[in-house]
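Chains as they are written, first to last, in the working numbering: chain A, 1 to 297; chain B, 1 to 244.
Take these hints with a grain of salt, some might be off.
Claimed, not checked - Derived CB-CB ranges, DEER-like:
hint : chain 1 : residue 1 : chain 2 : residue 2 : range
1    : A       : Gly169    : B       : Lys69     : 53 to 61 Å
2    : A       : Arg292    : B       : Lys69     : 19 to 27 Å
3    : B       : Lys69     : A       : Phe178    : 31 to 39 Å
4    : B       : Arg88     : A       : Ile240    : 24 to 32 Å
5    : B       : Leu136    : A       : Arg292    : 56 to 64 Å
6    : A       : Ile18     : B       : Arg171    : 49 to 57 Å
7    : B       : Glu153    : A       : Leu272    : 45 to 53 Å
8    : B       : Glu153    : A       : Arg292    : 34 to 42 Å
9    : A       : Ile240    : B       : Arg128    : 43 to 51 Å
10   : B       : Arg128    : A       : Gln270    : 28 to 36 Å
To be verified - Pulled from the structure, derived: some chain A residues nowhere near chain B, Cβ distances all over 10 Å:
hint : residue
11   : Gln146
12   : Gly157
13   : Ile218
These are calculated hints, taken from the structure and not from any lab test.
Keep in mind the model is a prediction, meaning the values are calculated, not measured.
Heads up, the beta-carbon is just placed ideally off N, CA and C, and yes, glycines get one too.
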Amino acid sequence: MHVRSLLYFFGEALKSVIHHGWMSIASIAVVSITLLILGSFIVINYNVSLLTEDIKEQVQIVVYIDEEANVRTLRELQRALTDHPELEEVRFVSKEEAMERLKRQMGDRAFLLEGYEEEDKNPLRDSYELRTTVPEDIIRVAHTVQDYPGVGYVDYGSGVVEPLFQFTGVIRWIGLLFMAGLAITAVFLISHTIRLTVYIRRKEIMIMKYVGATDWFIRWPFIFEGLILGLMGAVVPLVIIFYSYQGATQWMSGNIYFISLLPVEEIMPQLLNLLLSLGVVLGVLGSAISVRKFLKV
Amino acid sequence: MTPGPSLLKATKVGCRMIEIYHLYKQYSRDVVALRDINLVIDRGEFAFIVGSSGAGKSTLLKLFLQEIKPSRGSIKIFGRDLSRLKSREVPYLRRNIGMVFQDFRLLEDRNVYENVSFSMRVTGVPIREIRKRVPLTLELVGLKDKAFKKPDELSGGEKQRICLARAIINRPAMVIADEPTGNLDPVTAMEILNLLHEINIRGTTVIVATHAQELVDRMKKRVIVLDQGRIISDQERGVYINAR
Ligand SMILES: Nc1ncnc2c1ncn2[C@@H]1O[C@H](COP(=O)(O)OP(=O)(O)O)[C@@H](O)[C@H]1O
Ligand SMILES: [Mg+2]
């Protein structure tokens, strides 16, 4: 494509964006809203997943050892656990260590534990603390480990872990569906604007065909128009997110110092790439639909 | 401007602009617009296609431009068989044919200069070339002083001159006019026909569809008479023959 033609297409597209002021603004607004919601969602998701990563890190399986098991069985159990491919960390906690921890946790009331400290009176059991490589695997792994020889019982915080994982899953799906709905609306509106342009310029298009303009020469300005609408729709939310996020991080660091947000410089580059490319995709998709359907060239 | 290489060669070498054999055009079961048309128009000719309204004149012209496809028969333009023309070659065919319409088909929001340069801009002609050729063409059609007027500030005859300028500015091998004088008074109509004649003298093949009997008779050119989709007469230096 010649630079000359490129300038022509861009000029024609820009003229038409300006010419249909309100339709253009409406299209840009919907793209902006879509991408603003998506962008905010991503920013929040980044920060929340940072937090939930912490929570997920803390979920673990505790395998209490069967007191009747003999030394050989115990050794087998240890090997089975350390060889398990899905386990990231396997830590032995003796009942003495467990007693120490309990004492620490009870603080001033640790005196209640007096008399249980001696070796043969300790009511606690030896255990293994396991961490899976993928936090979500914890439930399945816990069930397999249950059947290993020498295992008394297994605790993985059942009843707490399942809803947590379910909840994060559901949130993600709802978000995705919502975004998809908005994206479809944006594409629809852009295609509508382009369709209007095609309609307004039908005479010009007819003359272009008569004087021998190629089909692509006729199509390009409309594609460019969609592109401009999509890109402008991406720039608006980027600016909004940049300033409001910057404000938020500053406010948080001054007021809620125990939660730290990701710095704005770390979030923006990715967001910039994502929103700009999504703007381009929405814009081009919208115009492509109209060009195909209404531009009979 | 990059005309299809094969088309360009054909215009230079061949002497036949249009060759039509056993051409039929049927729009629907009851509407047969053209029946068994056989016609050869040579390079440099000036031909009228006449006939009453509904005779099939516009249909024939649309077939030349590949705007519609024939139901049967063959059309060759510049020696190229249109049935073998790929759809992406059609624009290059049209760059070699200038079209003039009864209703002018001008862009009302643009001035004369922009309307005329339009056909160059959308076919990728460099600005330098456009700046050079537009004034020359405007001078040829007598609109040199009206370059920056909008069409609605001009008379019917002047509008038709814009349309003509736009048709010839890409230097087509052939100009086709469909009822170019239909909206004009007799004097202005004669001026437009004289202009077409001048274009023809400069080497461009000109085909004019019309039902203006008096004007045709005065021009003493080739006259092809269509009646209900058939050619009923085709004479050099002919006159308009009424079918009934
Ligand atoms: N697009 C069309 N669809 C159906 N019938 C058509 C169409 N165009 C023209 N016709 C019919 O074909 C015949 C010839 O029309 P046309 O070529 O426009 O004649 P002319 O230009 O000589 O007045 C007429 O009967 C007309 O009604
Ligand atoms: Mg007609």
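For this session: Please write out, lowest number first, the hints stated earlier that are contradicted by the structure.
Result: Those not satisfied are hints 3, 4, 5, 6, 10, 13.
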